[in-house]
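What follows is each chain in one-letter form.
2 protein chains.
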Amino acid sequence: MKYTHDQNSSVNKTLLALLFIFIIVGCSKSPLDPLPSWNEGATKKAIVDFVHNATQEGNKGFIQPEDRIATFDNDGTMWSETPTVEIEFIKSQLKKKMTTNPGLMKQEPFKSLTKGDEAALLKLKISDILKIMATAMTGMSEDEFADQALTFYKTAVHPRYRVPYQNLTYKPMTELVTYLQKAGFQIYICSGGDVALMRAVTPMIYGIPPEHVIGAYFVDKAVEKGDRLVLMRTPKLATTNDMAEKPVNILQRIGRRPVFAAGNVRTGGDIDHLRYSGEGALPSLQLMINHDDADREAAYAEKNGASLAAAKKFNWFVVSIKNDWKQIFSDSSLETTKISQAAK
Amino acid sequence: MKYTHDQNSSVNKTLLALLFIFIIVGCSKSPLDPLPSWNEGATKKAIVDFVHNATQEGNKGFIQPEDRIATFDNDGTMWSETPTVEIEFIKSQLKKKMTTNPGLMKQEPFKSLTKGDEAALLKLKISDILKIMATAMTGMSEDEFADQALTFYKTAVHPRYRVPYQNLTYKPMTELVTYLQKAGFQIYICSGGDVALMRAVTPMIYGIPPEHVIGAYFVDKAVEKGDRLVLMRTPKLATTNDMAEKPVNILQRIGRRPVFAAGNVRTGGDIDHLRYSGEGALPSLQLMINHDDADREAAYAEKNGASLAAAKKFNWFVVSIKNDWKQIFSDSSLETTKISQAAK
Chain X
1 MKYTHDQNSS
11 VNKTLLALLF
21 IFIIVGCSKS
31 PLDPLPSWNE
41 GATKKAIVDF
51 VHNATQEGNK
61 GFIQPEDRIA
71 TFDNDGTMWS
81 ETPTVEIEFI
91 KSQLKKKMTT
101 NPGLMKQEPF
111 KSLTKGDEAA
121 LLKLKISDIL
131 KIMATAMTGM
141 SEDEFADQAL
151 TFYKTAVHPR
161 YRVPYQNLTY
171 KPMTELVTYL
181 QKAGFQIYIC
191 SGGDVALMRA
201 VTPMIYGIPP
211 EHVIGAYFVD
221 KAVEKGDRLV
231 LMRTPKLATT
241 NDMAEKPVNI
251 LQRIGRRPVF
261 AAGNVRTGGD
271 IDHLRYSGEG
281 ALPSLQLMIN
291 HDDADREAAY
301 AEKNGASLAA
311 AKKFNWFVVS
321 IKNDWKQIFS
331 DSSLETTKIS
341 QAAK
Chain H
1 MKYTHDQNSS
11 VNKTLLALLF
21 IFIIVGCSKS
31 PLDPLPSWNE
41 GATKKAIVDF
51 VHNATQEGNK
61 GFIQPEDRIA
71 TFDNDGTMWS
81 ETPTVEIEFI
91 KSQLKKKMTT
101 NPGLMKQEPF
111 KSLTKGDEAA
121 LLKLKISDIL
131 KIMATAMTGM
141 SEDEFADQAL
151 TFYKTAVHPR
161 YRVPYQNLTY
171 KPMTELVTYL
181 QKAGFQIYIC
191 SGGDVALMRA
201 VTPMIYGIPP
211 EHVIGAYFVD
221 KAVEKGDRLV
231 LMRTPKLATT
241 NDMAEKPVNI
251 LQRIGRRPVF
261 AAGNVRTGGD
271 IDHLRYSGEG
281 ALPSLQLMIN
291 HDDADREAAY
301 AEKNGASLAA
311 AKKFNWFVVS
321 IKNDWKQIFS
331 DSSLETTKIS
341 QAAK
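Sequence order for the protein chains is X and H.
Residues in the first sequence are numbered from 1 upward in steps of one, following the numbering used here.
Residues in the second sequence are numbered from 1 upward in steps of one, following the numbering used here.
If you are wondering where the hints come from, they were derived from the structure by calculation, not from laboratory data.
One thing to keep in mind: the hints can contain errors.
25 Å max Cα-Cα, derived SDA-like pairs, lysine to any residue [unchecked claim]:
1) Lys-312(X) / Arg-228(H)
2) Lys-225(X) / Ala-306(H)
3) Lys-225(X) / Ala-244(H)
4) Lys-60(H) / Phe-50(H)
5) Lys-225(H) / Thr-267(X)
6) Lys-182(H) / Gly-184(X)
7) Lys-45(X) / Leu-308(X)
8) Lys-221(X) / Ala-281(H)
9) Lys-236(H) / Ala-222(X)
10) Lys-225(H) / Arg-256(X)
11) Lys-236(X) / Ala-306(H)
12) Lys-221(H) / Leu-237(X)
13) Lys-154(X) / Lys-236(H)
14) Lys-182(X) / Asp-67(H)
15) Lys-221(H) / Glu-279(X)
16) Lys-225(X) / Ile-126(H)
17) Lys-225(H) / Gly-280(X)
18) Lys-225(H) / Thr-239(X)
Short, incomplete list of chain H residues facing chain X, as computed with Cβ under 7 Å [to be verified]:
19) Lys-45
20) Arg-199
21) Glu-211
22) Glu-224
23) Asp-227
24) Arg-228
25) Val-248
26) Ala-281
Glycine included, every Cβ here is placed at the ideal spot set by N, Cα and C.
Next comes chain X alone, as it looks inside the complex:
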């Protein structure tokens, strides 16, 4: 009887000790970091403070739930743009077209394309670029185009990393999207990429539904086909959704300004996008991502430095990939091995 009692007592003491350990561990541990792929620093602190304030009623930085609108550029902001995914898609579309129409590659501007490098492509005239885009991306129904886009994402691999393009989303940015969504923000993609090409993967890779994707698009025409209405992609480009077209399309689509906006340095394409976000009456935050990490991802600047100059002038936070991002891709091994292979 005494032995049993002692045994119970020692079991109780062990349980009590375990309970204390749980309590101590529980209390000393900091709250779960919502942005684990971001290094501590001024930018991360600004984001966390902004979200905290936006969601605390009575706080000076409080933002009504219906006004919590955030817009993110896609290429170079949400995923890698070296090379641009859409250009790779266009190349793959033209390759398919050339098998059925071999004469195509002998004509300009397609002839230049076969040389293959993106630099040559970027030197083409606007009218030639539009001709290439229209040939690769229009003439089919929207349903057919969506299928072609899905096939591309399933089969194509990045020339350097040798993985599908959707594996090259930036982990710090997908964390940020999730963090903002949990704080009641509606997240939109606002990119110069083709809207249908992006929509084929945005729900899966970002958790962003099709209705929250704003992009360039070709005008559709509803035509009668076998007693059904079919939406056909025509070669008329409605908008490039770049530069000053970004705020115009944001207002047309969302009906108000974003209080959070992110873009990146390369062409100046996000300057008006971020200005539109920052010039509203509500508290807001803007991020301009700078690709300055040649070792882990890519380092490229803008010819005239306009995006960084605007960031300084308008008080946007410049995100240094090198310093602010602890990890870039979900598979961090891509950041080390594959680039050095590519450098060979």
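Following the hints, complete the assembly by docking chain H onto the known chain X.
Chain H alone, transformed into the frame defined by chain X:
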């Protein structure tokens, strides 16, 4: 003691009787009707069955939450269109313009306008209509336009009912919007009305946020004003969002087909809208509202009868305002007194 006991006993009996009444009333009463302004009938039953099936996993009619998209026309579907609210807005805008520019009313097509009747206006050439619309609705910033729209809604009254236009929403339809929203549907307005003019009131009158309004719009231009970007409304009409433009714009905006769509008989403007909804792979329901109630609201048909013919061909439910709607407006007194006054 006996008296007291008898008294208690009779109090207890009364309480017991009341309890029984409560139970009987409680049990016999059907569950709360989500559509109290709709009369019982085939259309109401079809709506309730559709929503029930769409939300029951495992049911043949189940629709994944992300696919629960519904689109509603506005004029004549969500609120009264006799007269068309936008035309009244245009008249009020031109009246203001004429005070600052009295010469305007002496020029065509504005001269015709001063005669005032909508029938004369509807006979104008498309180019004249566009000229009138552009004069009334463009040249200002989007912020200024939003202010002008709000002022109109606050001050203008319907010529017949003598109440603000936002009091003339159809109660059965706002009930339907709320019912669908509670069942996880995203509700969009898809109308030929100007998107900014509608957005000024849709959150308040329908509980539909600005980003869920699809409409006609004039192209905006971002211009630099005092170190700020201002979006100015230019006279270039981007889309009328009518007829075949409805499915085109729905896909552009939402990225997929609606499984529920509602429009009304008058011009045939919703035929392609409803076809697009009905021709998808998912279970769907379409409503075509027929204004057949001269006593309580209005009775008007379509010249060629195309909308009703399409409803028959494509199995859409025709909503008879006379038979299907128990009550039309929130203030049901409008349905009796005011029309007879107007008839004088």
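Results for each hint:
1. Lys-312(X) / Arg-228(H): 16 Å, holds
2. Lys-225(X) / Ala-306(H): 19 Å, holds
3. Lys-225(X) / Ala-244(H): Holds, at roughly 14 Å.
4. Lys-60(H) / Phe-50(H): 11 Å, holds
5. Lys-225(H) / Thr-267(X): 23 Å, holds
6. Lys-182(H) / Gly-184(X): Holds, at about 18 Å.
7. Lys-45(X) / Leu-308(X): 20 Å, holds
8. Lys-221(X) / Ala-281(H): Given that 25 Å is the threshold and the Cα spacing comes to 20 Å, the pair holds.
9. Lys-236(H) / Ala-222(X): 22 Å, holds
10. Lys-225(H) / Arg-256(X): 19 Å, holds
11. Lys-236(X) / Ala-306(H): 30 Å, violated
12. Lys-221(H) / Leu-237(X): 17 Å, holds
13. Lys-154(X) / Lys-236(H): Judged against 25 Å, a Cα distance of about 41 Å means the pair is violated.
14. Lys-182(X) / Asp-67(H): Status holds; Cα separation ~21 Å.
15. Lys-221(H) / Glu-279(X): 16 Å, holds
16. Lys-225(X) / Ile-126(H): Distance ~29 Å between Lys-225(X) and Ile-126(H) Cα, so the pair is violated.
17. Lys-225(H) / Gly-280(X): 14 Å, holds
18. Lys-225(H) / Thr-239(X): 23 Å, holds
19. Lys-45: Interface hint status for Lys-45(H): violated (28 Å vs cutoff 7 Å).
20. Arg-199: Nearest chain X Cβ about 5 Å off; hint holds.
21. Glu-211: Given a least distance of 5 Å, the restraint on Glu-211(H) holds.
22. Glu-224: 10 Å, violated
23. Asp-227: Asp-227(H) check fails; min Cβ-Cβ to chain X is 9 Å, beyond 7 Å.
24. Arg-228: It holds, given that the least Cβ distance between Arg-228(H) and chain X is near 5 Å, below 7 Å.
25. Val-248: 5 Å, holds
26. Ala-281: 10 Å, violated
In terms of the numbered hints stated before, the structure departs from hints 11, 13, 16, 19, 22, 23, 26, listed from lowest to highest.
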